[in-house]
Amino acid sequence: MVLIIGGAYQGKLDYAKVVFFIEDNEIFACDGAEIDFSRRCIYRIEEFTLACVRENIDPTEYFRSHRERWKDSILICQDIFCGVVPLGEEMRAWRQATGRLCRYLSGEAAQVSRLFCGLEQRLK
Amino acid sequence: MTVFVSGGAKNGKSSFAQDLAVKLAKGGKHYYVATMIPSDEEDRERIRKHLADREGLGFETIECGRNILSCLDKAEKDATFLLDSVTALLMNELFPNPADGKMDTDAAWRCAEDLVTFAQSVRNAVFVSDYIYSDAACYDETTEVYRAGLAAIDRRLVAACDTVVEAAAGNFIVHKGEALL
Numbered sequence: 001m002v003l004i005i006g007g008a009y010q011g012k013l014d015y016a017k018v019v020f021f022i023e024d025n026e027i028f029a030c031d032g033a034e035i036d037f038s039r040r041c042i043y044r045i046e047e048f049t050l051a052c053v054r055e056n057i058d059p060t061e062y063f064r065s066h067r068e069r070w071k072d073s074i075l076i077c078q079d080i081f082c083g084v085v086p087l088g089e090e091m092r093a094w095r096q097a098t099g100r101l102c103r104y105l106s107g108e109a110a111q112v113s114r115l116f117c118g119l120e121q122r123l124k
Numbered sequence: 125m126t127v128f129v130s131g132g133a134k135n136g137k138s139s140f141a142q143d144l145a146v147k148l149a150k151g152g153k154h155y156y157v158a159t160m161i162p163s164d165e166e167d168r169e170r171i172r173k174h175l176a177d178r179e180g181l182g183f184e185t186i187e188c189g190r191n192i193l194s195c196l197d198k199a200e201k202d203a204t205f206l207l208d209s210v211t212a213l214l215m216n217e218l219f220p221n222p223a224d225g226k227m228d229t230d231a232a233w234r235c236a237e238d239l240v241t242f243a244q245s246v247r248n249a250v251f252v253s254d255y256i257y258s259d260a261a262c263y264d265e266t267t268e269v270y271r272a273g274l275a276a277i278d279r280r281l282v283a284a285c286d287t288v289v290e291a292a293a294g295n296f297i298v299h300k301g302e303a304l305l
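So the sequences go chain by chain: A and B.
Position 39 of the first sequence, counting from 1, maps to 39 under our numbering, and the rest follow consecutively.
Just remember that our numbering sits 124 ahead of the position in the second sequence, which is counted from 1.
Treat the hints loosely; a few may be bogus.
Listed below are several chain A residues computed to face chain B (Cβ distance under 8 Å; list not exhaustive) [what the hints assert, rightly or not]:
#, residue
1, Gly11
2, Leu13
3, Tyr15
4, Gly118
5, Leu119
So the derived label-pair ranges between C-beta atoms look like this [stated by the list, open to error]:
#, chain 1, residue 1, chain 2, residue 2, range
6, B, Ile171, A, Glu47, 38 to 44 Å
7, B, Asp286, A, Asp72, 50 to 56 Å
8, A, Val19, B, Lys201, 36 to 42 Å
9, B, Gly182, A, Phe37, 57 to 63 Å
10, B, Ile161, A, Asp58, 43 to 49 Å
Hints were generated in silico from the structure; no laboratory data involved.
Here a beta-carbon is modelled for each residue, glycine too, at the ideal position from N, C-alpha and C.
One chain only, chain A, in its complex shape:
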């Protein structure tokens, strides 16, 4: 599994498409608390974690329980956990849940890349 993180609009998906030859029909863009792991590239994982927070689901447990299904996937998540602690409780929970999930996924990943203004920085 490859984990790609980075800020908003930094070129994470563009990098994945070019380097791993991902076609548009292989991308699942998260928009709720369910993930279609049949797609090779799982994008916007931060939207999945936000939905999980709203539905009281632990996103790390969700990933752990589907491990066999994503162990060869390209996972893309925005690093929303770098800014100041938000005032709202939901945003705070989102920030923490996303940070924890990325830490778990980093541990499982063969490669971890961070995108900065379109440039890849290899973290693992």
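The hints should help you fit chain B onto chain A, whose structure is shown.
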């Protein structure tokens, strides 16, 4: 030589960029292109701090908040330019009349083109931007237009510059090119 510097607020970008511009100038002419148009006392205080920081470094300050290529009319091009910041420039270009709050949706594209032309027109250029992409917040549409626009400019400039540096709590990560300091 062209250099792009970004990073979080108060992480050392401006000081790093100033020292670097002085070094690149090698005793020659060096300009500080100030893009912020102050709108309140907090802005003016920040400008005073930056002016005090630059004292003794020999910069000639040019204030240019919009239409960035126009500042080259009043300057020697065979010199070193520190532009601080891309962030403020986009803000001014995105809102030509801050009072009416209307956005110029071509602003980011135009800024990116102008800044690349700027980089190609001078001996040395150092650009300072702000990394505002990694926080847990759902912003309004105007803020997202601004964030997406700044990211598009950053990526265009990063592709065009020789060296790309990220400031992180006073440390400097070189993402492209040589470590210069």
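Structure-based check of all given hints:
Because the smallest distance between the Cβ of Gly11 of chain A and any Cβ of chain B comes to about 6 Å, under 8 Å, the interface hint for this residue holds. For Leu13 of chain A, the shortest C-beta to C-beta distance to chain B is roughly 13 Å, which exceeds 8 Å, and the interface hint is violated. Annotation: Tyr15 of chain A was flagged as interfacial toward chain B, and the flag is violated, the nearest CB pair being 11 Å apart, outside 8 Å. The closest approach between the C-beta of Gly118 of chain A and any C-beta of chain B is roughly 4 Å, which is under the 8 Å cut-off, so the hint is satisfied.
With 8 Å as the threshold, the beta carbon of Leu119 of chain A comes within range of chain B, its nearest partner Cβ sitting at about 5 Å, so the hint holds. For the pair Ile171 of chain B and Glu47 of chain A, the beta carbons lie near 39 Å from each other, so the given range of 38 to 44 Å is met. The supplied range of 50 to 56 Å is broken by Asp286 of chain B and Asp72 of chain A, whose beta-carbon atoms lie about 37 Å from each other. Evaluation of the 36 to 42 Å hint for Val19 of chain A and Lys201 of chain B yields a pass: the beta carbon distance comes to about 38 Å.
Evaluation of the 57 to 63 Å hint for Gly182 of chain B and Phe37 of chain A yields a pass: the beta carbon distance comes to about 59 Å. Under the hint 43 to 49 Å, the C-beta atoms of Ile161 of chain B and Asp58 of chain A, about 47 Å apart, fit the expected range.
Checked against the numbered hints above, the structure violates hints 2, 3, 7; every other hint is satisfied.
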